[in-house]
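Chains as they are written, first to last, in the numbering used here: chain A, 1 to 303; chain B, 1001 to 1290.
These are calculated hints, taken from the structure and not from any lab test. Glycine is no exception: its CB is placed at the ideal position from the N, C-alpha and C atoms. Please note: incorrect hints may appear among the correct ones.
[To be verified] Pairs of lysine-lysine, BS3-like flavour, derived with a Cα cap of 30 Å:
#	chain 1	residue 1	chain 2	residue 2
1	A	225	B	1064
2	A	225	A	301
3	B	1118	B	1190
4	B	1118	A	301
5	A	82	A	169
6	A	82	B	1142
7	B	1064	A	169
[Claimed, not checked] If you want the footprint, here are the derived chain B segments under chain A, 3+ residues with CB under 8 Å:
#	stretch
8	1084-1097
9	1161-1170
[Said to hold, decoys possible] Some chain A residues well away from chain B (every beta-carbon gap over 10 Å; in silico):
#	residue
10	48
11	54
12	63
13	86
14	97
15	138
16	147
17	157
18	221
19	225
20	229
21	232
22	275
23	283
Here are the chains, one letter per residue:
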Amino acid sequence: MTTQVEGLGPSKALGKRLDKARFNPVSVLLLSPSIVLLATLFAFPIAYAIYLGFTNLQLIGPHSIHYQFTGLQNVWTLLADKEFIRSLWLTLIFVVASGAVGATLLGMMMAIAMQECLPVVRLVVNGLAIVAWTLPPSTIAIIWYAAATHNGIVPMILGHPDYDLLYDKALLVVSIANSWSLAGLATIMFAAALRNIPRDIDEAAMLENASPRQRLMYLTIPLLKPTIETSALLMMLLTFGNFTLIYLMTAGGPGNDTNILPVYSYLQGFSFHKLGYAALLGNVIVILSGLLGGTFVLLTKRR
Amino acid sequence: MLDTNFTPRTFPPVPTTAPLQPKRWTASKIYANIVLVVLGLFFVTPMVWLVAASLDKQASWQLKAPELTLSNFAEAMQFDYMRALGNSLLLSLIASAVATVAAFFAAYSFSRHHIPWKGPILLTILFLSGVPITILIVPIYKMFSYMDWLSIMPTALLLGVTSLPFEIYMIKNSIDAIPLDLEESAMIEKAGTVAVLWRIILPLTMPGIASAAILGFVNAWGSFLVPVVLISDFSEQPSPVRMYGFMNSVQIHYGAIAAYSILYSLPVVALYLLMSKSFRNGFVLGGAVK
């Protein structure tokens, strides 16, 4: 459309050049609803939160109306806050272990095993993983709470019905629940990637007498590398945003053992009434998700 | 697979992939089946409790053979809980409608028009769709409480905005897939933007729009944090907040929790199934472009 014929140049007779894409005024009209909505309820709040993070705003009490800019005071509090450092560390463990590794690995195993199994097994297991993925977060929280608390299914399988796994290994339980809920999406991604791998590569390897294990380790998995990267990052982003699951299952406890950043920010704001400090914690979340999202976009662009 | 009907009889049979894949149980096949069955047990085990407890007269967190009853469902269908489901429905419908309509127009413009800095804008939109909603809660709470907006309608609007970025992206992708020729021939017939959008783009992108709308609906349906903070009136609270109250009450009615969770989750699961079907039947551009 916008290719220019060499040597012809713009025609003087026509007022406008037709070989250049021009701005269509209709776009303003079409874009305005989205722009207004995103500006007022997304961009402005984020900017406002950056400001609030440097104030002493409180949920109740005198500072709920008459709050003021306190400079870097919140930042110093943050850096000296042992619970924040711990929360950052727990977030990292949760996001990497449960999202990047757990969900991605489950999805990859499922998709690879699905290639070589009985159709009925594939249909049932795939269906179960998809249902697990579609369930709303509060339902997932309830069923995993039931499964891991004392007398639940998991302690029973382990042979100690009275053992409260959720209390004793809270981070492990919420991590498994999170992987469980995301594996279906990862499976869809890996299954699609596997369909796009040409069969002849595998067949060539078979003719060379490569064992199934060798084909898996030296062919399939290396060919899946781009999907592994994309899936790991996407799962990390989704895990990072998974506030509801942890809040409903443990509310950050016991003893702050599952106090990941989004939960910590919420508790600081709405349980301890420190809205300003909560906003600053929110800013840290923005920076972290910005890093994650940026990496994701770079990775997608590169392909 | 090759269609052997087209192979002339006189030629030797075309070698297919079949001989390389004998239909017998190899070690790797057995292994794959075992892995998958184990994973299937992992996925199904927590769900079994939900179904069993919902039908059990004496339900607890324990998994056991249920003493069959439907009283849990009767309890879960009390007025209060049904009203919460109704609130969820209202919240999700409005959120999805707002997001889908706005996203449709924006997506068309992004797909077809020349917009300055289009690349960076689209990247920003993609980035916004990955931002955890937690960070909006404090500033939005401050804004809404200042404007006395702590009720269901503004909350629905906000939930719509949170799904707007990915809906724009999804619908733009499905508009991108439509060949320009259709619009060009319509424009030669002097069709305006409205006619093009209504008569050509909308019908052809229906599967994509439906998927985006469903995801917007599901996003609002599952949201717990936004309504719990932004809706002050308890009678306007949607189901997830109600379920939270259920779990933290003094006397836990396990059976009713399970029954209510099922009632609350079924619509979402059904919508996803519907969506996967519309994906499969997908784009029916048949014959429109010669």
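A quick look at each hint next to the structure:
{"no.": "1", "hint": "225/A with 1064/B", "in the structure": "43 Å, violated"}
{"no.": "2", "hint": "225/A with 301/A", "in the structure": "16 Å, holds"}
{"no.": "3", "hint": "1118/B with 1190/B", "in the structure": "27 Å, holds"}
{"no.": "4", "hint": "1118/B with 301/A", "in the structure": "15 Å, holds"}
{"no.": "5", "hint": "82/A with 169/A", "in the structure": "21 Å, holds"}
{"no.": "6", "hint": "82/A with 1142/B", "in the structure": "27 Å, holds"}
{"no.": "7", "hint": "1064/B with 169/A", "in the structure": "24 Å, holds"}
{"no.": "8", "hint": "1084-1097", "in the structure": "violated (count 0)"}
{"no.": "9", "hint": "1161-1170", "in the structure": "holds (count 5)"}
{"no.": "10", "hint": "48", "in the structure": "4 Å, violated"}
{"no.": "11", "hint": "54", "in the structure": "13 Å, holds"}
{"no.": "12", "hint": "63", "in the structure": "12 Å, holds"}
{"no.": "13", "hint": "86", "in the structure": "18 Å, holds"}
{"no.": "14", "hint": "97", "in the structure": "17 Å, holds"}
{"no.": "15", "hint": "138", "in the structure": "4 Å, violated"}
{"no.": "16", "hint": "147", "in the structure": "4 Å, violated"}
{"no.": "17", "hint": "157", "in the structure": "8 Å, violated"}
{"no.": "18", "hint": "221", "in the structure": "14 Å, holds"}
{"no.": "19", "hint": "225", "in the structure": "21 Å, holds"}
{"no.": "20", "hint": "229", "in the structure": "15 Å, holds"}
{"no.": "21", "hint": "232", "in the structure": "14 Å, holds"}
{"no.": "22", "hint": "275", "in the structure": "5 Å, violated"}
{"no.": "23", "hint": "283", "in the structure": "8 Å, violated"}
When held up to the earlier numbered hints, the structure conflicts with 1, 8, 10, 15, 16, 17, 22 and 23 and fits the remainder.
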